[in-house]
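Number of protein chains: 2
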Amino acid sequence: MYDILIIGLGCAGYTSAIYSARYKLKTFIVGQEEGGMGNEAAEVGNWPGEIDIKGPVLMEKFKKHALSFGDLVTMKNGLVKDIEKIEGGFRLHLDGGETAEGKAVIFATGSVKRHLGVKGEKEFAGKGVSYCATCDAFFFRNKTVAVVGGGDSAVEGAVILAQVAKKVYLIHRRKEFRAEPFWSDKIRAKPNVELVMERTLKEIRGDAKVTNLLLNEPHAGSDTIEVDGVFVEVGSDPAVSLPVRLGCALDERGFLNVGEDQQTNIAGVFGAGDLTGNSNHFAQFTTAAGEATVAANGAFNYLQG
Amino acid sequence: MYDILIIGLGCAGYTSAIYSARYKLKTFIVGQEEGGMGNEAAEVGNWPGEIDIKGPVLMEKFKKHALSFGDLVTMKNGLVKDIEKIEGGFRLHLDGGETAEGKAVIFATGSVKRHLGVKGEKEFAGKGVSYCATCDAFFFRNKTVAVVGGGDSAVEGAVILAQVAKKVYLIHRRKEFRAEPFWSDKIRAKPNVELVMERTLKEIRGDAKVTNLLLNEPHAGSDTIEVDGVFVEVGSDPAVSLPVRLGCALDERGFLNVGEDQQTNIAGVFGAGDLTGNSNHFAQFTTAAGEATVAANGAFNYLQG
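Chains A and B, in that order, are what the protein sequence lines are.
Numbering-wise (my numbering), the first sequence opens with residue 1 and increments by one.
Numbering-wise (my numbering), the second sequence opens with residue 1001 and increments by one.
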């Protein structure tokens, strides 16, 4: 039986594992994707000490750090299908039938990308509809694409795409971007980006692949934009399905409800990172790392009795 | 007039400046010591991505990052003597008569080392009594020293001293250390460290310099320990004198009281790092950086109106 089970291989998961190992706790860390959401940041400029680093490179450094404690940390790449309370702890059920047991749990499952819910979105997923510019930009080199959204990930995504695509439309339903001025300034300086403000998508159309987008109102004389692909970047929702199955409470906005010590309403169950409402609901590398530190310390104190 | 005034040149101050600059805010950052408390960590193993780095080296990376935004960030090394509310913002009074004005303030002043309050402590300060092992260890090479305390900084301090001193006594009033097991294990493996548990210091004695320590009860047959120096590492208190002068409220433990957005009871005044009670009162690089991120975002939102 492990001391701590950590679910999630992103910034919060790895940081929890680093602290857990320094507390000499036998640690099991598992997740679907090494690096988690951190992988999707093409250009990280806000991890203190690293002026400019790629997200996957930063996450690889975190992973190496978490695995630098010898036997103390066991990592597994896989999907956690279920979690249950057992005598003296908790049991994870992994895809493939494997199980893992531990005395305390830290959920660091992050968030999942939000969908638009428009006609054609599901049909053309993977056929021109993408949810990660960093991951898929290269498939659209010298092509025409659109990005939908106005926050950091949308504007950052459009900047990335502008470097490889021939033309990028950035479609946002409001007058102004919610993104950091750092990103808004960058996008305005790109000659091959056309801003389509105060418009929303009504439909994604195509045949074998995406060919055009239908807007709610005409832009530059037409309600249709010809594209080879569309990137949906309209935010994300906290990945709380596993903690909810265990009986953990959510806050009024649907985030995992945790106290000052990052503990949920269930003793021995903690949360850290984008799925929780702490750090003023602000999802950054630094806030995820801070919360993970507090969660691991909380779990250590819990295990001390 | 600056947009943001940041007081403190440690982890929280630099991180606030990085975020502030990315928000395109005109930023002034000032403090007495570059690196702050981060400088005192000889061996940092819990900043994610850096398996083993010296505190001053890590802080230098943070500083370079904060100063990588051109004109946006102005840094000054100096003491802030006073702060006052003015029309539309705040004014800092620096040692030497200089002033700086800004629309919002982030206090990142950290904490100050606690004193024992025993006879001889004040008298021999700088004459064998030190509050920073990392800073002063080298002066005691091949000598005999004592460390007083049982937390991370005491045990880490003893480990550092054991590498240069001939002999180290670690005096702690309890049966067990409060330090991370990582450090407790290290100290037990040092042959030149003698643990003096369940003892307290009654007096620090000497002539021109420290020569011996008087214990409350005998250890190994004597109530006196001959030493060339003593390191006091019994914790620290939040550095809240400036925010208190401005009218900021403290929590029940004397830390700066801040909300979810790191804002104090005074609009436009924020706090981040060791002086605040957030992050469950846990003072780490990661928690300071997380709080600083939230504070800078809070200040940005405040300035937007």
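Hints were generated in silico from the structure; no laboratory data involved.
Everything numeric in this text was worked out from a predicted model, so none of it was measured.
Errors might be hidden in some of the hints.
Stated by the list, open to error - Pair by pair, the computed Cβ-Cβ distance ranges are:
1. Asp-52/A <-> His-1093/B: 48 to 54 angstroms
2. Asp-71/A <-> Asp-1251/B: 22 to 28 angstroms
3. Asp-1237/B <-> Gly-78/A: 57 to 63 angstroms
To be verified - Taking lysine-lysine pairs in the DSSO-like style, the calculated list, with each CA pair at most 27 angstroms apart, reads:
4. Lys-26/A <-> Lys-1186/B
5. Lys-1186/B <-> Lys-61/A
6. Lys-1063/B <-> Lys-1113/B
Glycine residues also receive a C-beta, built at the ideal position from the N, C-alpha and C atoms.
Okay, the hints, checked on the actual structure:
no.	hint	in the structure
1	Asp-52/A <-> His-1093/B: 48 to 54 angstroms	violated (37 angstroms)
2	Asp-71/A <-> Asp-1251/B: 22 to 28 angstroms	violated (40 angstroms)
3	Asp-1237/B <-> Gly-78/A: 57 to 63 angstroms	violated (46 angstroms)
4	Lys-26/A <-> Lys-1186/B	holds (18 angstroms)
5	Lys-1186/B <-> Lys-61/A	holds (25 angstroms)
6	Lys-1063/B <-> Lys-1113/B	holds (23 angstroms)
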